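These protein sequences, in sequence, are chains A and B. Heads up: the first sequence is residues 1 to 401, going by our numbering. Heads up: the second sequence is residues 1 to 153, going by our numbering.
Derived from the structure by calculation, the hints contain no laboratory data. Computed from a predicted model, the values in this text were never measured in an experiment. Any given hint could turn out to be false.
The calculated lysine-lysine pairs, modelled on DSS-like cross-linking and capped at a C-alpha distance of 27 angstroms, are [stated by the list, open to error]:
(1) B:77 <-> A:68
(2) B:7 <-> A:210
(3) A:99 <-> B:77
(4) A:5 <-> B:129
(5) B:63 <-> A:205
(6) B:36 <-> B:129
(7) B:7 <-> A:97
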Amino acid sequence: MYLTKEEERILNGETGETLRQAIEILVALGDIYSADRLIPIKSAQIAGVSYKTMGDAGLEWISDLQGKVKVPAILNPAGMDLQDWKRLKISPDFAEKQKLIVQAYEKLGIRCECTCTPYTLEGFDAGYGDHLAWSESSAVSYANSVLGARTNREGGPSALSAALLGKTANYGFHLDENRVPEVSFDVESLLKGSDYGALGYVAGKLAGSKVPVFQLRNTPDADELKALGAAMAASGAVALYHVEGVTPEICRVNFEAPAEKITIERSQLDEVYESLKEACKKPELITIGCPHCSARELEKAAELLRGKTVSKEFWIFTSRELANRYPEYIRTIEKSGAKVVCDTCMVVSPATNSYSCVMVNSGKALAYVPGMCGAEAVYGSMEACVEEAVGRTENKAGDSN
Amino acid sequence: MIPIKLKGRTISRGCAKGEVLLSRDPISFLGSVDPKTGVVIEENHALEGKSIQNKVLVFPHGKGSTVGSYVMYQLKKNGVAPSAIINLETEPIVAVGAIISEIPLVDMLERNPYEVLNDGDLVLVNGSKGYVELLKQETNKPENDEMKDNQEN
Numbered sequence: 001m002y003l004t005k006e007e008e009r010i011l012n013g014e015t016g017e018t019l020r021q022a023i024e025i026l027v028a029l030g031d032i033y034s035a036d037r038l039i040p041i042k043s044a045q046i047a048g049v050s051y052k053t054m055g056d057a058g059l060e061w062i063s064d065l066q067g068k069v070k071v072p073a074i075l076n077p078a079g080m081d082l083q084d085w086k087r088l089k090i091s092p093d094f095a096e097k098q099k100l101i102v103q104a105y106e107k108l109g110i111r112c113e114c115t116c117t118p119y120t121l122e123g124f125d126a127g128y129g130d131h132l133a134w135s136e137s138s139a140v141s142y143a144n145s146v147l148g149a150r151t152n153r154e155g156g157p158s159a160l161s162a163a164l165l166g167k168t169a170n171y172g173f174h175l176d177e178n179r180v181p182e183v184s185f186d187v188e189s190l191l192k193g194s195d196y197g198a199l200g201y202v203a204g205k206l207a208g209s210k211v212p213v214f215q216l217r218n219t220p221d222a223d224e225l226k227a228l229g230a231a232m233a234a235s236g237a238v239a240l241y242h243v244e245g246v247t248p249e250i251c252r253v254n255f256e257a258p259a260e261k262i263t264i265e266r267s268q269l270d271e272v273y274e275s276l277k278e279a280c281k282k283p284e285l286i287t288i289g290c291p292h293c294s295a296r297e298l299e300k301a302a303e304l305l306r307g308k309t310v311s312k313e314f315w316i317f318t319s320r321e322l323a324n325r326y327p328e329y330i331r332t333i334e335k336s337g338a339k340v341v342c343d344t345c346m347v348v349s350p351a352t353n354s355y356s357c358v359m360v361n362s363g364k365a366l367a368y369v370p371g372m373c374g375a376e377a378v379y380g381s382m383e384a385c386v387e388e389a390v391g392r393t394e395n396k397a398g399d400s401n
Numbered sequence: 001m002i003p004i005k006l007k008g009r010t011i012s013r014g015c016a017k018g019e020v021l022l023s024r025d026p027i028s029f030l031g032s033v034d035p036k037t038g039v040v041i042e043e044n045h046a047l048e049g050k051s052i053q054n055k056v057l058v059f060p061h062g063k064g065s066t067v068g069s070y071v072m073y074q075l076k077k078n079g080v081a082p083s084a085i086i087n088l089e090t091e092p093i094v095a096v097g098a099i100i101s102e103i104p105l106v107d108m109l110e111r112n113p114y115e116v117l118n119d120g121d122l123v124l125v126n127g128s129k130g131y132v133e134l135l136k137q138e139t140n141k142p143e144n145d146e147m148k149d150n151q152e153n
């Protein structure tokens, strides 16, 4: 890999140990993936935040680092709401360790907001062709596919190294040749809302790590694309997808149609919804906001919950910046008894592990909750989630008990 | 014995000596190795029950969770990390783990390490210059003289 004189100096340790290690990581990854050089990035998003996944090993490493990031950098969701962790019954020991992890990142100049939707925040906008070093799989998919930016799915240390240097190695999705669609999914039925998460759940398993292109009968909005990509990155390893006539890159670049073509039937999506009927248990916990709710999703949740009272635990995850920006939605949601939780999610928080059946409106959460939280996961639309959460109250109203 | 020197690719810089421990199985540092003792705990793993502490650990490549990189760092801090690593072809989890833990790592040797190296061989891994040097071959029943030589190292 070609290095500039300045980069060589950093690699020789002339600018300190933290930067030396950071560039050694980027050079090693660049060599593994045959990168030709380092390229500047616009921003970084760093995984390896939740104490649930990092453990003491990660805490020790991050605590030992010195230095300051060179580009805007932000964190992946943590294991708890950093301000109100007691509400979801997080243990004080866990909270203590989680705070130490976040403080260690803060010391490096990283913005300590923990979200999987950095693209909704001030200062983290990414445009067509921008190079990034993002980590969280749904954010990577959104940046590559919906925004037309370019990022590999970085591990925690490589994203942090990229942030400290303001650069990443030029390989993978930074290069034109790796962004070409490899498999075409034709979906004949009309889709709306949570159908996109179900489609992603099905398509991810079929695509593996290939780049898919979708032929759809209707035009998904940004939230629907977010759900589609998040699910495919979880049930498969899809980091970039195209939607014919919708996503920016396929509208600008004249890609050849892939030889492999797969039709996805309505019945395959219906099977994802069947999880609710087939579950051994009734959902004890209902969660939405994987990936973190957008402003429009918060508005929709508030509309659905207005004037209702939930009878089951109902958690709605979003970023702190959006929660602060839309206090009316949060008030309406919380008046129903549902909880708006920031900085974390149902997958990376240990809070979910105390439930045995969780209802989700996210194909990503459907894929991860069983393995990461030891709970059964069932799927439904946001409307169905709200119905499930308030259902028992309505039954009680007409009940003699 | 003529020293055998094998060129490879630099992944993690630094230089260390140690006894070879070969694993034909890939290694996931998260879950497969106890970070406190350095003993392999994965059931049915080729190295189950063996300690990787201060060994030159030879394995094909990593597998499993990216948290494995941090577990390698924890092994190092606990003083039970391997002294160096040789891979057939390194993947990012082990590459990153070795760099942050300052464990020299060389991969893609010019000859297959499983054909050249045996458990107990003493080797030097030079991660900075990208080579492995076989310093002393293990024999099944070492003579006393050889034992002494080993101790001098």
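Status of the hints after comparison with the structure:
1. B:77 <-> A:68: holds, 24 angstroms
2. B:7 <-> A:210: violated, 34 angstroms
3. A:99 <-> B:77: holds, 22 angstroms
4. A:5 <-> B:129: It holds: about 19 angstroms lies between the C-alpha atoms, which stays within 27 angstroms.
5. B:63 <-> A:205: holds, 20 angstroms
6. B:36 <-> B:129: With a Cα-Cα distance of about 31 angstroms, the restraint between residue 36 of chain B and residue 129 of chain B is violated, given a limit of 27 angstroms.
7. B:7 <-> A:97: With Cα atoms ~43 angstroms apart, residue 7 of chain B and residue 97 of chain A exceed 27 angstroms; violated.
Comparing the model with each numbered hint stated earlier shows that hints 2, 6 and 7 do not hold.
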